[in-house]
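**Q** As a plain string of letters, each chain reads:
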Amino acid sequence: GAGVSQSPRYKVAKRGQDVALRCDPISGHVSLFWYQQALGQGPEFLTYFQNEAQLDKSGLPSDRFFAERPEGSVSTLKIQRTQQEDSAVYLCASSPTRITNNEQFFGPGTRLTVL
Amino acid sequence: ELKVEQNPLFLSMQEGKNYTIYCNYSTTSDRLYWYRQDPGKSLESLFVLLSNGAVKQEGRLMASLDTKARLSTLHITAAVHDLSATYFCAVDKNAGGTSYGKLTFGQGTILTVHP
Numbered sequence: 178g179a180g181v182s183q184s185p186r187y188k189v190a191k192r193g194q195d196v197a198l199r200c201d202p203i204s205g206h207v208s209l210f211w212y213q214q215a216l217g218q219g220p221e222f223l224t225y226f227q228n229e230a231q232l233d234k235s236g237l238p239s240d241r242f243f244a245e246r247p248e249g250s251v252s253t254l255k256i257q258r259t260q261q262e263d264s265a266v267y268l269c270a271s272s273p274t275r276i277t278n279n280e281q282f283f284g285p286g287t288r289l290t291v292l
Numbered sequence: 510e511l512k513v514e515q516n517p518l519f520l521s522m523q524e525g526k527n528y529t530i531y532c533n534y535s536t537t538s539d540r541l542y543w544y545r546q547d548p549g550k551s552l553e554s555l556f557v558l559l560s561n562g563a564v565k566q567e568g569r570l571m572a573s574l575d576t577k578a579r580l581s582t583l584h585i586t587a588a589v590h591d592l593s594a595t596y597f598c599a600v601d602k603n604a605g606g607t608s609y610g611k612l613t614f615g616q617g618t619i620l621t622v623h624p
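Protein chains in written order, with this note's numbering: chain A, 178 to 292; chain B, 510 to 624.
One chain only, chain A, in its complex shape (with noise of 0.2 Å):
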């Protein structure tokens, strides 16, 4: 059984450059989230995709990062022009249901490096 995997597991960028995060979530799930998380600290949400629909993307940190999940299942999260402040880990979770009384499952993440 698949778990939510998410690819590349690193990523090494030169401040400016573009880069592309992907995420698979787990099969069927409706509900999937994107995190941050700083060195040391606890995730913080990113944006919220129902099926193909954005419905929160609050916690999008400027308007250099965009995500999509086009047909509903994968999701890509893209960060423009990057900086070093963009430096973290970046988790993708999927729950079942928009219903949340079910866990969120949280995959292996993106540990980005802005140089």
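Not one of these hints is a red herring.
In silico DSBU-like links for lysine-lysine, alpha-carbon gap of 35 Å or less: (1) B:K550 - B:K577; (2) B:K565 - B:K550; (3) B:K512 - A:K191; (4) B:K577 - B:K565; (5) A:K234 - A:K191; (6) B:K526 - B:K577; (7) B:K526 - B:K550; (8) B:K550 - A:K255; (9) A:K255 - B:K512; (10) B:K512 - B:K526; (11) B:K526 - B:K565; (12) A:K255 - A:K191; (13) A:K191 - B:K550; (14) A:K234 - B:K565; (15) A:K188 - B:K550; (16) A:K188 - B:K512; (17) B:K565 - B:K512; (18) A:K234 - B:K512; (19) A:K234 - B:K550; (20) B:K550 - B:K512; (21) A:K234 - A:K188; (22) B:K577 - A:K234; (23) A:K255 - A:K234; (24) B:K577 - B:K512; (25) A:K188 - A:K255.
What follows is a list of derived Cβ distance ranges for each label pair: (26) B:N561 - A:R192: 44 to 50 Å; (27) B:Q523 - A:K191: 43 to 49 Å; (28) A:S182 - B:T537: 33 to 39 Å.
The following residues of chain B were derived to be distant from chain A, with all beta-carbon distances above 12 Å: (29) L520; (30) S535; (31) G562; (32) V564; (33) R579; (34) H590.
These are computed hints drawn from the structure, not numbers from a lab. Where a beta carbon is used, it is the ideal one built from N, C-alpha and C, also for glycine.
Dock chain B against chain A, hints included.
**A** Chain B in isolation, oriented as in the chain A frame:
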């Protein structure tokens, strides 16, 4: 704005001892989650607490929720080395009052169990 605070942030325990981690949150919610994170790994769901007075136990860990006091506790009984990890509580509450799984995490408690 929802704030979630854990204490202590660092906990060094001897094997065999008992201790409690506290999680306070600032606004009404009846959905609280506990996660475990090992170094360099993603988050593993431990407990989902969905109502006032909820108590769940798994092995040496027991979690409870008091929604009136806006407090959850994670109690560790007879600690063993394998419990060494970072523990996060997370509250599910959207600013508009509806809930769909948007989690606000505490800062995490780094637990070290030594002989």
